[in-house]
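Q: Here are the chains, one letter per residue:
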Amino acid sequence: MQFTLAHLYPDLMNIYGDQGNVQTLKFRCQQRQIKLIIRPIRLNDPLPPGSFDLLFAGGGQDSQQQLISQDLLKRKSVLQKACQNNIPMLTICGSYQLFGAYFQPFSGPKMTGIGIFNAYTVASKQRKIGNIIIKTKFGELVGFENHSGNTFLQSRTKALGTVIIGQGNNGLDKTEGAVTNNVFGCYLHGPLLPKNPLFCDHLIQLALANKYGSIKIKPLNDRLEWQAHFAAVKRTRKLHHPLLKYL
Amino acid sequence: MSSSIIIGKIISRLLRLFSSKGGTALPGLIALKINPNLINQIVKKNQLKSIIITGTNGKTTTSRLLGSMLQAQNLPFLHNRSGSNLLRGIAAALINQSDISGRIKVKLARRIKVKLAIWEIDEAVVFTAVKQLQPKIILFNNLSRDQLDRYGELDSILKSWQESLSILPADAQVIINRTDQRLKQLHFPQIIYFGQVLSLGHYQQANILAAQALAHTLKLKPSSISQGLASFRPAFGRGETFTFQQKQIKILLVKNPAGLTAVLNQLQDNQQLNQPLLIALNDLIADGTDVSWIWDANLEILKDRRTPIIVSGLRTADLALRLKYAGVKEKLIQIEPSLNHAWQKFIAQPGRNHNILPTYTAMLALRQLLSQQKIIHSSWQD
Numbered sequence: 001m002q003f004t005l006a007h008l009y010p011d012l013m014n015i016y017g018d019q020g021n022v023q024t025l026k027f028r029c030q031q032r033q034i035k036l037i038i039r040p041i042r043l044n045d046p047l048p049p050g051s052f053d054l055l056f057a058g059g060g061q062d063s064q065q066q067l068i069s070q071d072l073l074k075r076k077s078v079l080q081k082a083c084q085n086n087i088p089m090l091t092i093c094g095s096y097q098l099f100g101a102y103f104q105p106f107s108g109p110k111m112t113g114i115g116i117f118n119a120y121t122v123a124s125k126q127r128k129i130g131n132i133i134i135k136t137k138f139g140e141l142v143g144f145e146n147h148s149g150n151t152f153l154q155s156r157t158k159a160l161g162t163v164i165i166g167q168g169n170n171g172l173d174k175t176e177g178a179v180t181n182n183v184f185g186c187y188l189h190g191p192l193l194p195k196n197p198l199f200c201d202h203l204i205q206l207a208l209a210n211k212y213g214s215i216k217i218k219p220l221n222d223r224l225e226w227q228a229h230f231a232a233v234k235r236t237r238k239l240h241h242p243l244l245k246y247l
Numbered sequence: 001m002s003s004s005i006i007i008g009k010i011i012s013r014l015l016r017l018f019s020s021k022g023g024t025a026l027p028g029l030i031a032l033k034i035n036p037n038l039i040n041q042i043v044k045k046n047q048l049k050s051i052i053i054t055g056t057n058g059k060t061t062t063s064r065l066l067g068s069m070l071q072a073q074n075l076p077f078l079h080n081r082s083g084s085n086l087l088r089g090i091a092a093a094l095i096n097q098s099d100i101s102g103r104i105k106v107k108l109a110r111r112i113k114v115k116l117a118i119w120e121i122d123e124a125v126v127f128t129a130v131k132q133l134q135p136k137i138i139l140f141n142n143l144s145r146d147q148l149d150r151y152g153e154l155d156s157i158l159k160s161w162q163e164s165l166s167i168l169p170a171d172a173q174v175i176i177n178r179t180d181q182r183l184k185q186l187h188f189p190q191i192i193y194f195g196q197v198l199s200l201g202h203y204q205q206a207n208i209l210a211a212q213a214l215a216h217t218l219k220l221k222p223s224s225i226s227q228g229l230a231s232f233r234p235a236f237g238r239g240e241t242f243t244f245q246q247k248q249i250k251i252l253l254v255k256n257p258a259g260l261t262a263v264l265n266q267l268q269d270n271q272q273l274n275q276p277l278l279i280a281l282n283d284l285i286a287d288g289t290d291v292s293w294i295w296d297a298n299l300e301i302l303k304d305r306r307t308p309i310i311v312s313g314l315r316t317a318d319l320a321l322r323l324k325y326a327g328v329k330e331k332l333i334q335i336e337p338s339l340n341h342a343w344q345k346f347i348a349q350p351g352r353n354h355n356i357l358p359t360y361t362a363m364l365a366l367r368q369l370l371s372q373q374k375i376i377h378s379s380w381q382d
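Those protein sequence lines, which keep their order, are chains V and L. Just so we're aligned, residue 1 is where the first sequence starts under my numbering, counting upward by one. Just so we're aligned, residue 1 is where the second sequence starts under my numbering, counting upward by one.
Please keep in mind that the hints were generated in silico from the structure rather than gathered at the bench. The beta carbon of each residue, even a glycine, is placed where N, CA and C say it ideally should be. Among these hints, one or two may not hold up.
[Unchecked claim] With beta-carbon atoms standing in for the labels, derived distance ranges:
#1 L:K159 - V:Q154: 52 to 60 Å
#2 L:Q196 - V:D173: 47 to 55 Å
#3 L:P36 - V:S63: 27 to 35 Å
#4 V:M1 - L:E330: 22 to 30 Å
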């Protein structure tokens, strides 16, 4: 078995170790003798419809976001089509924002997004920084958020999860991330996938299902993955505790 | 000014009385709360000529190298040691060194007035530091990803650096590392560059060139420069070696992806990739609360390792997982969250060159541990 991962803007959109997600997908495929072909897609690189089975895009700074936003708009129809065809995609932070309707940064012009998520983002003065735990249908996900943008979901777009500890989309409504078909967006760095192996495997499963029909991928020895997951959850809870955090 | 100095001094005394951790920046923090302009007032009163050294990596070593050169020329100077490189650290250093009227008194064999001050300044507070210190010289070492949780993004730091250049006294001298492409964006009517022939990541050479550039700007004698380099002793955790049970032990502070990668390259260059290795990752404020940076460091350098790696610290499990995905065999990844246990296990490993790679607070904890066990002398400067 093999499938292709399009890694959007690997140089411009990778500031919080987000490429670790790609590394994790690759590693977990390798362990199962699944060949993962990684295609880096930089500005102006062709990305024809049907050329990828899974897509990943990471976070970046405002100026990098500004750089990619025009390029991303040119890919709007290809990506929307892929979304309709249930191609799985994972977008983090800056990319997540541009998969919504628009992002209004603190300074500089408003960036139009590709509207896969029915959501918009407005920069706020208060940066939301810290460990975060959210509850999703893939179990609890743990990571680290660091964003000034407040994202608001509108009708028809579901959140990826509910915030247990942390700020999430906007610090107000307890939602975090967004889901449309098999396209996921969220603010979780850390990176997200290494410490949340179920979610990583779900993406792999979705990509394979489109290509080979429903198949079950074999479980791996995830001792260290779960150890890191639960240690991060424990640490987050401690740092959030009104008294224990001072110890 | 006097009242804030007196209060600062009292707190400093009390801290020394009740805590073994002398030299904290708390007195500075409180004194600045009372008198936010304290630093500027003391600087003016003493006509201090300030030198600011900033950047992601190499602040401490560059400052200490310059210090060593100044000593070689018998020039007295102030220096904010102990990694207290926020404004409170500067204030604490000034309070400790001055009398209650704010006059600087340094005990010296000869009575020479202190005119120079070397300030290691945190990347994020350069603007306020420039405003308060009105420096004569400012040196930018490099800029790379470090503790984004605290500093925000690189662009905003660079912007604040440019803003600090715009309020710099016109006669000030700006020194910049030419090998760092990002720093080329900084403008000032006259800039002194260093490090043209370097490749980025060779910090030790970069630090030496930076200190030399500073020394030339200060017009130090060539003999003082070479003598200073020869007598230089690294700070704790900055590559100094000590011996324990016939083993050479080296502590190499790691703070960010670029620094960690550079240290691993150094181990490779020294053919020490299979020598005993302890890595300790903490996530306190001084370390950076976001540990995702380890995924941007090239830990893949360790993938063919044949001997155990001891991992420790508050985020041990994150580090262990990172090593697994770097390709290190799982059975070689030995998890010891307690630093004491990690040290015991580490020192029992066979080998001649033992390397410890701690983040900042893990390094402080390690120093305390080693001095309690009388393995190192407690007076080791940082």
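Q: With reference to the structure, classify each hint as holding or not holding.
A: Outcome of the hint check:
no.: 1; hint: L:K159 - V:Q154: 52 to 60 Å; verdict: violated (33 Å)
no.: 2; hint: L:Q196 - V:D173: 47 to 55 Å; verdict: holds (53 Å)
no.: 3; hint: L:P36 - V:S63: 27 to 35 Å; verdict: holds (32 Å)
no.: 4; hint: V:M1 - L:E330: 22 to 30 Å; verdict: holds (24 Å)
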